[in-house]
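Input sequences plus hints: build the corresponding full structure.
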Amino acid sequence: MILLLRALVRLLGFVLLIALALLGLGFALAALLGDQLGVQLEGSAVSSWLERLEANDAQVLEAAVGGGMVLLGLLLLIGALAPRRERRAVLEQGEHGTLDARRRPLAQMFTALAERTRGVTHAKAKLRLGRRARHGRLVLRAERPRTTESTVVREAVQSDVGELAAAFGLKTRVQAPLGRRGRRVQ
Amino acid sequence: MRMTASEGMRVDGVVCAALADGRYQLSVHLVGAMVSLRPLADAVRARVERDVAFAGLADQLGPVDVSVEDVQVRAEARP
Chain A
1 MILLLRALVR
11 LLGFVLLIAL
21 ALLGLGFALA
31 ALLGDQLGVQ
41 LEGSAVSSWL
51 ERLEANDAQV
61 LEAAVGGGMV
71 LLGLLLLIGA
81 LAPRRERRAV
91 LEQGEHGTLD
101 ARRRPLAQMF
111 TALAERTRGV
121 THAKAKLRLG
131 RRARHGRLVL
141 RAERPRTTES
151 TVVREAVQSD
161 VGELAAAFGL
171 KTRVQAPLGR
181 RGRRVQ
Chain E
1 MRMTASEGMR
11 VDGVVCAALA
21 DGRYQLSVHL
31 VGAMVSLRPL
41 ADAVRARVER
51 DVAFAGLADQ
61 LGPVDVSVED
71 VQVRAEARP
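Going line by line, the protein sequences match chains A and E. First residue of the first sequence: 1, per our numbering; consecutive thereafter. First residue of the second sequence: 1, per our numbering; consecutive thereafter.
Certain hints may be false.
Claimed, not checked - Chain E is faced by these chain A residues, among others (derived, beta-carbon under 7 Å): (1) Leu-12; (2) Gly-13; (3) His-96; (4) Gln-108; (5) Ala-112.
Derived by calculation from the structure, the hints in this document are not laboratory data. Where is the CB? At the ideal position from N, CA and C, for every residue including glycine.
Right, dumping it as structure tokens:
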């Protein structure tokens, strides 16, 4: 459902950008070739704006606003049309190829590893990948029962996930707060 | 979904790109269980190299990238 909504938002955003660009193009054509096209802008807001632009006293401000709007439009178009490159966690990179993983499944793996650790009632991994390969930060929240010391759980989780995290070049931080009532220890 | 069209067929999970030196780079996108990733990548590469060699195209094979797209974590029943 969320994926569908996101796709809808992207589609609508793209359509609105195209509509805005066409509207601007229409006004520009009407201003430049209005007589030939039979379009009259006389008395409209666009006409008065163009008249102010032609006036001597307000040119700098109007040109700055116009230039800013053009720049904003270009940035929006780049944002809408430029392909996004997904950051991936790289395990190894060499002549024979690259071995990498997407952020979400890797976070799932860390969560599963942490949840298997003795003394952990519930775990959640948050993974942020850096711009450069083999740079990122892993924050593991491993909930524990009152009967287990925080330090013990942190060390156990670090021991279980540390090797894999280091292989991906991730800096790891483990939190071990008290778990909610009703959650059972492994 | 990443795929490559080949002879009217669709090869899901595989992307093949031509390199400047005339070879072809393969990217294999996997959905797997929680296993050690390096041995998995080695096994995938060995299988690809074997099949490519069998087809007589070994000298055209470039790097083989292995990408983990998803992991199926088996839910364990808690006592």
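*Hints breached by this structure*: Checked against the structure, the hints that fail are numbers 1 and 2, while the rest are satisfied.
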